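Could you build the full structure based on these sequences and the hints that come with them?
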Amino acid sequence: MPLFGWGIMRIDGDSMVPTLNDGDYVVYRQLSASQKAALNIGDIIAFRYADPAHMVKRITAIYDGWLNVAGDSPHSMGSQAIGPVQLDDIIGIARLRIAPSGLSKL
Amino acid sequence: MIHALTKKIDSLISFDRASAHCDIPCGIYDPSTAIIAALSVLRVMDIMADAASSDKSDLEKHNSLTRGALQKEEEAEKVKHEIRIIWGDYIKAPQIEKHPDIHDLTHKIMLKGSACKQGVNRADAEELVELVNQFAEKFWDTKGIETERKTSPYAPAVPVVYPILP
Numbered sequence: 001m002p003l004f005g006w007g008i009m010r011i012d013g014d015s016m017v018p019t020l021n022d023g024d025y026v027v028y029r030q031l032s033a034s035q036k037a038a039l040n041i042g043d044i045i046a047f048r049y050a051d052p053a054h055m056v057k058r059i060t061a062i063y064d065g066w067l068n069v070a071g072d073s074p075h076s077m078g079s080q081a082i083g084p085v086q087l088d089d090i091i092g093i094a095r096l097r098i099a100p101s102g103l104s105k106l
Numbered sequence: 001m002i003h004a005l006t007k008k009i010d011s012l013i014s015f016d017r018a019s020a021h022c023d024i025p026c027g028i029y030d031p032s033t034a035i036i037a038a039l040s041v042l043r044v045m046d047i048m049a050d051a052a053s054s055d056k057s058d059l060e061k062h063n064s065l066t067r068g069a070l071q072k073e074e075e076a077e078k079v080k081h082e083i084r085i086i087w088g089d090y091i092k093a094p095q096i097e098k099h100p101d102i103h104d105l106t107h108k109i110m111l112k113g114s115a116c117k118q119g120v121n122r123a124d125a126e127e128l129v130e131l132v133n134q135f136a137e138k139f140w141d142t143k144g145i146e147t148e149r150k151t152s153p154y155a156p157a158v159p160v161v162y163p164i165l166p
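Listed in order, the protein sequences are those of chains A and B. Going by the working numbering, the first residue of the first sequence is number 1, and it counts up by one from there. Going by the working numbering, the first residue of the second sequence is number 1, and it counts up by one from there.
Because the hints were derived from the structure by calculation, they are not lab data. Every value quoted in this text rests on a predicted model; they were computed, and no experiment measured them. Think of the CB as a built atom: it goes at the ideal place given N, C-alpha and C, for glycine as much as any other residue. Don't take each hint at face value.
Here are the computed lysine-lysine pairs in the DSS-like style, where the Cα-Cα straight-line distance is at most 27 Å [as the list claims (entries may be wrong)]:
1. K61/B <-> K105/A
2. K108/B <-> K143/B
3. K105/A <-> K7/B
What follows is a set of in silico ranges between Cβ atoms, one per label pair, in the way DEER data are often shown [stated by the list, open to error]:
4. L5/B <-> Q35/A: 50 to 60 Å
5. P163/B <-> F4/A: 43 to 53 Å
6. L106/A <-> R122/B: 51 to 61 Å
Covered by chain B, per the in silico footprint, the following chain A stretches (three or more residues, Cβ under 8 Å) [claimed, not checked]:
7. 5 to 14
8. 18 to 27
9. 53 to 63
10. 92 to 100
Structure representation (structure tokens):
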């Protein structure tokens, strides 16, 4: 439940290893429509997938209202398996990682 | 420290979960779909052979054979797809260490699946079932689950691998 446009999610899985590990938390910022349109390749986003499930992946391509995404792990499947992500389904951009080793910027 | 604190808060108010799984967020992998598809390839070849030798009209024969060829193509592709998913998404270093021949076996299934698409040689389909059986045995072994081979309780009635679940 975001508060003042910011929220926290717990990472469940290892497709974003080594950037994010299973059990880490990410602090994300909700985005307006114009902010979503200004996302860049390389940004890590949280998005709705098979609602109500959420996923976290890195943007690998951007084209006309859609994004391709993939995990950082070599075992991650990404958009060739889950399909492109629509801008409307983006929840926010990951900004901070909270890991057992401490806090770090993403 | 901050992680422990966040975790504590999480246990109280439960933050949303963001799935970072390697495939769709279900984690369900099971070779049974591939086994059934391989059995279907074999069964369709038998049906096609029956249709070819029947005394039906040419039109009826052509109809049956066309349907069979289409179905065979689809089921053989399903075998290849299902095996590729397990091999590509589930099989990782620990599983490869346990079964270093898994790549070779997967490749053999791809080739045999294609052979079954191209032709109507029953031996190819039998071998496809056998290769998928071997894949299933290795898959369940990586989960520490024993298997047994039982004759499928329907045509083509050949031995297939079933997990022995507790």
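**OP:** For the range 43 to 53 Å, tell me whether the beta carbons of P163/B and F4/A fit it or not.
**Re:** With a Cβ separation near 50 Å, P163/B and F4/A satisfy 43 to 53 Å, so the hint holds.
Original post:
At the C-beta level, are L106/A and R122/B separated by a distance inside 51 to 61 Å?
Top reply: holds (56 Å)
Subject >> Assertion that chain B covers the segment 53 to 63 of chain A - criterion: three or more residues, beta-carbon distance below 8 Å >> reply: Contact hint for the segment 53 to 63 of chain A vs chain B: holds, 5 residues under 8 Å.
Original post:
Range hint 50 to 60 Å: satisfied by the CB atoms of L5/B and Q35/A?
Top reply: Once the Cβ atoms are compared, 29 Å apart, the range 50 to 60 Å for Q35/A and L5/B is violated.
**OP:** With a cut-off of 27 Å on the C-alpha distance, tell me whether K105/A and K7/B pass.
**Re:** holds (19 Å)
**OP:** Examine the segment 92 to 100 of chain A for residues whose CB is less than 8 Å from any CB of chain B, and state whether their number is three or more.
**Re:** holds (count 3)
Subject >> Pair hint K108/B and K143/B, alpha-carbon separation not exceeding 27 Å >> reply: Holds, because 23 Å separates the two Cα atoms, which is no more than 27 Å.
Subject >> 8 Å C-beta criterion, at least three residues: is the segment 18 to 27 of chain A covered by chain B >> reply: holds (count 5)
**OP:** Take the C-alpha atoms of K61/B and K105/A, compute the straight-line distance between them, and say whether it is at most 27 Å.
**Re:** violated (68 Å)
Original post:
How does the coverage statement for the segment 5 to 14 of chain A fare against chain B, requiring three or more residues with Cβ below 8 Å from a Cβ of that chain?
Top reply: Held - the segment 5 to 14 of chain A has 8 residues with a Cβ nearer than 8 Å to chain B, which meets the minimum of three.
Hint check: violations occur at hints 1, 4; the rest are consistent with the structure.
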